[in-house]
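Peer 1: Sequence:
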Amino acid sequence: MPITPHRAQLAIPTGALKIKYLSPQEVDTLTYTFQNWFDQAPMKGKKREIRGRYWLVYLVLRFTGARLGEVTQLNDITDIDYRAAELMLITLKRRDQKPKRIVPVPSNVVSEIATYLASYPHRRGTVFNIDPNNFRKTFYQMAREAKILTEEIDTSTGAKHIFPHPHTLRHTRAIELIRAGIPVPAVQDLLGHSSILTTAQYVRLSGQEAKQMMKSAGLL
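So the sequence shown is numbered by the numbering used here: it starts at 1 and just counts up by one.
Incorrect hints may appear among the rest.
Unchecked claim - No more than 27 angstroms apart at the CA atoms, straight line, and that leaves these computed lysine-lysine pairs for BS3-like: (1) Lys47 x Lys147; (2) Lys137 x Lys20; (3) Lys20 x Lys93; (4) Lys147 x Lys160; (5) Lys215 x Lys93; (6) Lys137 x Lys147; (7) Lys137 x Lys44; (8) Lys20 x Lys160; (9) Lys160 x Lys47; (10) Lys93 x Lys46; (11) Lys137 x Lys46; (12) Lys93 x Lys137; (13) Lys215 x Lys20; (14) Lys160 x Lys137; (15) Lys20 x Lys211.
What the hints assert, rightly or not - Label pairs and their in silico Cβ distance ranges: (16) Asp131 x Lys215: 38 to 48 angstroms; (17) Ile196 x Lys98: 18 to 28 angstroms; (18) Gly181 x Asp131: 29 to 39 angstroms; (19) Asp154 x Ala186: 33 to 43 angstroms; (20) Arg144 x Lys211: 13 to 23 angstroms; (21) Gly158 x Glu86: 40 to 50 angstroms; (22) Lys46 x Ala159: 33 to 43 angstroms; (23) Ser111 x Asn75: 36 to 46 angstroms; (24) Asp131 x Pro104: 19 to 29 angstroms; (25) Phe163 x Glu49: 29 to 39 angstroms; (26) Lys98 x Asn36: 32 to 42 angstroms; (27) Lys211 x Ser119: 44 to 54 angstroms.
If you're looking for bench data, these hints aren't it; they were derived computationally from the structure. Just so you know, these numbers come straight off a predicted model, no measurement behind them. Positions of the beta carbon are idealized from the N, C-alpha and C atoms, including for glycine.
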C-alpha cells in the first residue's frame with residue numbers, strides 16, 4: 001500500500017536554522033526508498049518479515065515525531081487503536097514518571113501494521129521491539145540510497161556528524177505540525193515535550209518562513 005506523506009507547501013531556509021530537518025521532497029524520497037526496500041523482499045522468507053518490522057518502525061517515527069526509544073517500546077496489541085488510527089506512546093525523558101500520550105496517525109499506517117500482523121501473527125506484541133542500533137544502520141543505508149545522507153568530520157574534535165538520523169524525523173514532524181496551524185500546546189502534547197519552551201523553538205523557526213513570505217510580498 002503506497003504511503004503518501006503529508007506535504008508541506010513552503011520551505012524554511014535551512015541556512016538560518018540550528019535544528020536540522022528534512023524538506024518535503026527529502027522526506028518523500030526517504031519514505032519511498034524505505035517502502036521499496038521492503039516491497040522488493042521476496043514474499044516468502046525471513047527477509048521480508050525482518051524488513052517489514054523496520055518499515056513499520058520507520059512509518060511510526062515518520063508520522064508521530066516520536067523518539068526511537070518510544071517507538072521500540074510500542075506494543076502492537078495494547079497500544080494501538082486500529083479503528084481510530086491512534087497510537088499510545090510512552091513518553092521518555094520524564095524524571096518522575098513515564099506517562100503515555102495518544103498520537104493520531106494516517107489510517108494507512110495502521111493498515112500497514114494490521115496487514116503485517118495478518119502475515120506474521122507470531123509477531124503480535126513484539127513487532128516494534130527491535131534493536132535501535134540495527135535500525136539506525138538501516139536508516140542510514142536508506143538515506144544513502146535516497147541520496148540525502150551527508151557525513152562530515154569535525155576537524156577540531158574528529159567526531160563524525162551524520163545527517164539525517166532517526167531523530168531528524170521528529171524535527172521534521174514538528175515543523176509540519178506548526179506549518180499546518182496546529183496550536184503549540186497541542187504540538188507539545190503530540191511530541192511529548194516536557195516544556196512548551198521546547199516546542200516554541202519550532203514556532204521561531206517557522207517565523208523565518210513568514211519573513212521570506214513578507215519579503216516576497218514587498219512588505220519588508
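Peer 1: Next, verify each hint and record whether it holds.
Peer 2: Hint check results:
1. Lys47 x Lys147: holds (24 angstroms)
2. Lys137 x Lys20: holds (20 angstroms)
3. Lys20 x Lys93: Holds: lysine 20 and lysine 93 sit about 21 angstroms apart, inside 27 angstroms.
4. Lys147 x Lys160: Holds - the C-alpha atoms of lysine 160 and lysine 147 are around 18 angstroms apart, at most 27 angstroms.
5. Lys215 x Lys93: violated (39 angstroms)
6. Lys137 x Lys147: holds (15 angstroms)
7. Lys137 x Lys44: holds (24 angstroms)
8. Lys20 x Lys160: holds (16 angstroms)
9. Lys160 x Lys47: Violated, at roughly 30 angstroms.
10. Lys93 x Lys46: Roughly 35 angstroms separates the two Cα atoms, so the pair is violated.
11. Lys137 x Lys46: holds (19 angstroms)
12. Lys93 x Lys137: holds (24 angstroms)
13. Lys215 x Lys20: holds (23 angstroms)
14. Lys160 x Lys137: Judged against 27 angstroms, a Cα distance of about 15 angstroms means the pair holds.
15. Lys20 x Lys211: holds (19 angstroms)
16. Asp131 x Lys215: 38 to 48 angstroms: holds (47 angstroms)
17. Ile196 x Lys98: 18 to 28 angstroms: holds (19 angstroms)
18. Gly181 x Asp131: 29 to 39 angstroms: Between glycine 181 and aspartate 131, where Cβ atoms are some 38 angstroms apart, the hint holds.
19. Asp154 x Ala186: 33 to 43 angstroms: holds (37 angstroms)
20. Arg144 x Lys211: 13 to 23 angstroms: violated (34 angstroms)
21. Gly158 x Glu86: 40 to 50 angstroms: Holds: the Cβ-Cβ distance is about 44 angstroms, inside 40 to 50 angstroms.
22. Lys46 x Ala159: 33 to 43 angstroms: For alanine 159 against lysine 46, whose Cβ atoms are near 36 angstroms apart, the range 33 to 43 angstroms holds.
23. Ser111 x Asn75: 36 to 46 angstroms: Violated, at about 18 angstroms.
24. Asp131 x Pro104: 19 to 29 angstroms: holds (28 angstroms)
25. Phe163 x Glu49: 29 to 39 angstroms: The hinted range 29 to 39 angstroms holds for phenylalanine 163 and glutamate 49, with Cβ atoms some 30 angstroms apart.
26. Lys98 x Asn36: 32 to 42 angstroms: holds (35 angstroms)
27. Lys211 x Ser119: 44 to 54 angstroms: Roughly 49 angstroms apart at Cβ, these two residues keep to the hinted range, so it holds.
The structure does not agree with the numbered hints 5, 9, 10, 20, 23 stated previously, though it agrees with the rest.
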